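So the sequence lines, in the order shown, correspond to chains A and B.
Heads up: the first sequence at position 85 corresponds to 85 in my numbering, and the numbers run straight through without jumps.
Just so we're on the same page, my numbering is the position in the second sequence counted from 1, plus 1000.
Certain hints may be false.
Away from chain B, derived, C-beta distances all over 12 Å, residues of chain A [to be verified]:
(1) Q39
(2) G99
(3) Q114
Straight line, CA to CA, 27 Å or less: simulated BS3-like cross-link-like pairs of lysine-lysine [what the hints assert, rightly or not]:
(4) K1108/B x K43/A
(5) K58/A x K43/A
(6) K43/A x K1079/B
(7) K1108/B x K1079/B
(8) K43/A x K65/A
(9) K52/A x K77/A
No lab work stands behind these hints: they were computed from the structure.
Because the structure is a prediction, the values reported are computed rather than measured.
By construction, the Cβ of each residue, glycine as well, lies at the ideal position given by its N, Cα and C atoms.
What follows is each chain in one-letter form.
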Amino acid sequence: EVQLVESGGGLVQPGGSLRLSCAASGFIFSSHWMNWVRQAPGKGLEWVATIKQDGSEKHYVDSVKGRFTISRDDAEKSLYLQMNSLRVEDTAVYYCARGPNFGGRVDFFDYWGQGTLVTVSS
Amino acid sequence: EIVMTQSPLSLPVTPGEPASISCRSSQSLLDTNGVNYLDWYLQRPGQSPQFLISYVSNRASGVPDRFSGSGSGTDFTLKISRVEAEDVGVYYCMQARQTPYTFGQGTKLEI
């Protein structure tokens, strides 16, 4: 069974940092694109970042470029999101989502974790 | 950035009746390879989103065949042939044609 379990969320002050983790199991982690998607309270879904199977490609939404870094550790079957210079508008539930294990692009997100809440507030 | 627009934003339905959600993109989602990169997701109340459909009309594993997708280019539709109580939630379309991947605002289906 595919499982994605996020952790690392919490309350942080504006300008602070946080590192999210996503522990994967039930599939060959190293074979898949992996992604972070967020959802602000009461709002819709927003794609945040994507990383290719070998880590050679990373893509970010403009609003987090230069502040967030996506990474992966295939040996640990884990996905990470390092978030620096956090802003109030980064407050959201952050979901880890699995992408395909084929092709040179992310065509869909077929499994999602339960999410971890990040609150940026003074 | 490709903007995705869904309608309606709220959809009251009666169990057993059909339902239809429209999704429009600001640019064509048809790639040079002939594939439209349009997905559908359902977020049930209090749950994480779940994958329903990729490439406009390919149902994900375990998705009932009462769900169907259609369209091409910039106009897409998700149809539920006979709504059941478990279909309640917010439906999102998403374009995977190019980054940034973008979602529609969501359509809340309620019984």
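To see whether the hints hold, each was checked on the structure:
Not every CB of chain B is more than 12 Å from the CB of Q39/A (nearest about 8 Å), against its label as outside the interface. Residue-level check failed: G99/A sits 9 Å from the nearest beta carbon of chain B, not beyond 12 Å. Not every CB of chain B lies more than 12 Å from the CB of Q114/A, the least distance being 6 Å, so the non-interface label is violated. Using a Cα cut-off of 27 Å, the hinted pair K1108/B and K43/A holds, with the two alpha carbons roughly 12 Å apart.
Annotation: proposed proximity of K58/A to K43/A holds, straight-line Cα distance about 25 Å (limit 27 Å). For the hint pairing K43/A with K1079/B, the CA-to-CA distance comes to about 23 Å; that is within 27 Å, so the pair holds. Among the hinted pairs, K1108/B with K1079/B is consistent with the structure: their alpha-carbon atoms are about 14 Å apart, no more than 27 Å. The hinted pair formed by K43/A and K65/A meets the criterion: a straight-line CA distance of about 21 Å does not exceed 27 Å.
Distance check on the hinted pair: K52/A and K77/A sit about 14 Å apart at the alpha-carbon level, within 27 Å; holds.
Going through the hint list in order, the structure does not satisfy hints 1, 2, 3.
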